[in-house]
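24 is the number that our numbering gives to position 24 of the sequence shown; each next residue is one higher, with no gaps.
Quick caveat, the hints were computed from the structure, so don't treat them as lab data.
This one's a predicted model, so the numbers in the text were calculated from it and none came from an experiment.
Take these hints with a grain of salt, some might be off.
Straight-line distance between alpha carbons at most 25 Å, and here's what the computed DSS-like set of lysine-lysine pairs gives [claimed, not checked]: (1) 496 x 462; (2) 230 x 213; (3) 311 x 230; (4) 496 x 305.
Here are the computed distance ranges between Cβ atoms for each label pair [unchecked claim]: (5) 111 x 26: 36 to 42 Å; (6) 275 x 116: 29 to 35 Å; (7) 557 x 297: 38 to 44 Å; (8) 136 x 30: 34 to 40 Å; (9) 490 x 60: 56 to 62 Å; (10) 82 x 60: 28 to 34 Å.
Yeah, the Cβ is synthetic: ideal placement off N, Cα and C, and Gly gets one too.
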Amino acid sequence: MPIKKRKSLGESLVEQKTITEDQLVTAIKDSEKSSEPLRKVLVKLGMVSEEDICNFFEEQLGIPRIDLRNYLIDPKILAMIPETLARKYLLIPLFRTGDTLTIATADPLNVVALDEVRIKTKSNIEPAVATETEIRNAISQYYGTGGSIEDVIKSIDVKAMTMEEEKEEIEPDKLRNMAEEAPIIKLVNLVIMQAIRDKASDIHVEPEEESLKVRFRIDGILHDVSLIPKHLQAAVLSRIKIMSDLNIATKRIPQDGRFRIKSEGGQIDMRVSSLPTIYGENIVMRLLDTSSILIGLEQLGFDEKNLEHFKELIVKPHGIILVTGPTGSGKTTSLYSALNTINTPDKNIITVEDPVEYQLKGVRQSQINPKAGLTFANGLRSILRQDPDVIMVGEIRDLETAEIAIQAALTGHLVFSTLHTNDAPSSLTRLTDMGVEPFLISSSVIGIIAQRLVRTICSSCKESYVPSNEVLKDLTVALPDTNLKFYRGRGCKACKTTGYKGRMGIFEMLVLNDKIRDMILAKTSSTQIKHAAQEAGMRTLREDGVAKVLAGITTIDEVVRVTQTD
């Protein structure tokens with residue numbers, strides 16, 4: 001079989017009728033005369049666009065096209081290639097996987113450049129292609145100033161960014177121009193990059209009277225990160241809104257948006273919410289790491305007995321499984337882990353969510369849109385016409401949704417959903433309070449999991465200690481009399497002096513039996529149902545937390561904090 005000849009840039013552009021034969025001849029002569037690459041001459045003469053050149057590299061040579069606007073480059077990766085080398089060859093490092101460094105370059109066929117980068121970084125080089133303009137902009141954004149938020153703030157020209165405070169409205173064009181200044185772009189990128197490195201779940205950008213405060217929520221707790229000068233507020237907020245595809249001219253009504261970024265660690269979805277306040281728009285960005293949501297059931301924090309019960313529940317052919325807890329207690333992670341476990345080619349799994357936070361392969365996911373008339377109830381009703389085996393309803397908020405979910409369970413479907421209650425038994429009375437008939441609840445609900453997230457002790461500064469009797473009394477749980485060891489984090493650089501690093505779930509699992517079903521029919525109180533469940537072996541949230549304290553995973557203070565109901 002003859003080897004297929006690879007087309008040159010000129011041949012490819014002529015064949016696609018992007019340029020004519022005569023234009024190619026003119027460009028080649030100009031290239032020979034100026035010693036400039038043909039691709040640059042073609043762009044300079046206006047015969048093709050930079051995007052046409054990128055398309056050639058991608059389609060003819062199989063070199064991936066990279067959109068640098070969707071990348072956040074770690075300063076450690078950036079430091080591998082000096083600015084002089086980056087500007088000399090118009091390239092920029094993106095991320096490193098093992099011994100391979102991926103770079104974006106305008107000329108991926110420049111062997112001299114690739115060899116020099118390979119020698120300099122002591123890495124194998126994987127080129128990707130981007131336009132010259134994109135690479136020049138990226139070099140300006142990432143190089144030239146220090147690597148900290150404070151350094152970037154100091155580098156920004158105060159006069160250029162200062163606006164008349166008395167003005168209520170600033171022209172959108174001026175806002176956009178300020179937001180697209182390289183230092184502002186770098187400042188926002190650094191904030192996001194630091195949040196990713198710190199494993200923050202949320203970034204809070206909060207206007208105050210004299211500054212713009214930045215806080216990160218790490219392991220469920222908010223921490224102050226930086227104070228940005230007030231004169232940069234308009235530009236910083238506008239930059240975030242531009243990234244999120246929000247209207248920068250609209251400031252008096254709340255807005256919601258999202259964008260997706262790529263970093264060395266993987267892909268991060270950013271969900272953005274703006275809220276007008278007296279000092280300007282308050283913005284919260286939620287970081288949704290698509291690589292961290294799909295963890296195995298074993299990593300959620302279930303003890304051996306609860307894990308066994310949960311695995312038995314999620315393979316039932318029909319019934320309702322409820323997961324309950326406050327916002328931020330890990331309900332979504334538990335539900336997605338369960339769906340991922342039972343997701344096999346022979347099952348049709350459909351969800352209706354608000355919003356769809358993560359995309360699950362092989363699962364049909366829909367997002368509610370009340371303005372368009374798509375509510376949980378309407379969505380669930382439509383799902384039942386899609387021949388599902390397993391259904392996930394983001395939340396049961398009203399009687400209509402509850403009744404449809406119950407009917408689905410009674411007609412042979414396995415239904416997952418969430419409620420907002422303090423413990424598992426309270427979910428049964430919550431459904432009754434909504435107006436659901438007790439006989440429907442007892443016939444359809446097969447299990448309820450209440451959960452919280454506790455911070456785990458930092459392994460770098462973990463130490464044993466003896467708690468006071470008063471602290472032990474706060475637990476209100478019977479403890480073994482002998483060989484008790486308690487641990488805490490002393491506080492170190494690794495955990496930012498908090499003594500904690502990472503989180504784990506604590507659980508209360510109520511599996512319905514005949515006795516509890518009879519109690520539901522008799523409209524027994526949740527307190528009495530709780531006692532019956534404990535007699536049947538249910539461990540409360542507080543008890544599960546104490547077990548993790550005695551295992552040296554978390555602390556007494558942390559368990560008391562997340563299980564306090566008063």
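Going down the list of hints, with the structure as the test:
Pair hint residue 496 plus residue 462 holds up; C-alpha atoms about 14 Å apart against a cutoff of 25 Å. At roughly 9 Å between alpha-carbon atoms, residue 230 and residue 213 fall within 25 Å of each other, so this suggested pair holds. Between residue 311 and residue 230 the CA atoms are separated by roughly 53 Å; this puts the pair beyond 25 Å, and the hint is violated. Taking the CA atoms of residue 496 and residue 305, the gap is near 35 Å; set against the 25 Å cutoff, the hint is violated.
At about 27 Å, the beta-carbon gap between residue 111 and residue 26 misses the expected band of 36 to 42 Å. At roughly 49 Å, the beta carbons of residue 275 and residue 116 sit outside the given window of 29 to 35 Å. Under the hint 38 to 44 Å, the C-beta atoms of residue 557 and residue 297, about 28 Å apart, miss the expected range. About 22 Å separates the C-beta atoms of residue 136 and residue 30, a value inconsistent with the hinted range of 34 to 40 Å.
Roughly 59 Å separates the CB atoms of residue 490 and residue 60, a value that falls within the hinted 56 to 62 Å. Restraint check, residue 82 to residue 60: a C-beta distance of roughly 32 Å satisfies the suggested window 28 to 34 Å.
Of the numbered hints listed earlier, those contradicted by the structure are 3, 4, 5, 6, 7 and 8.
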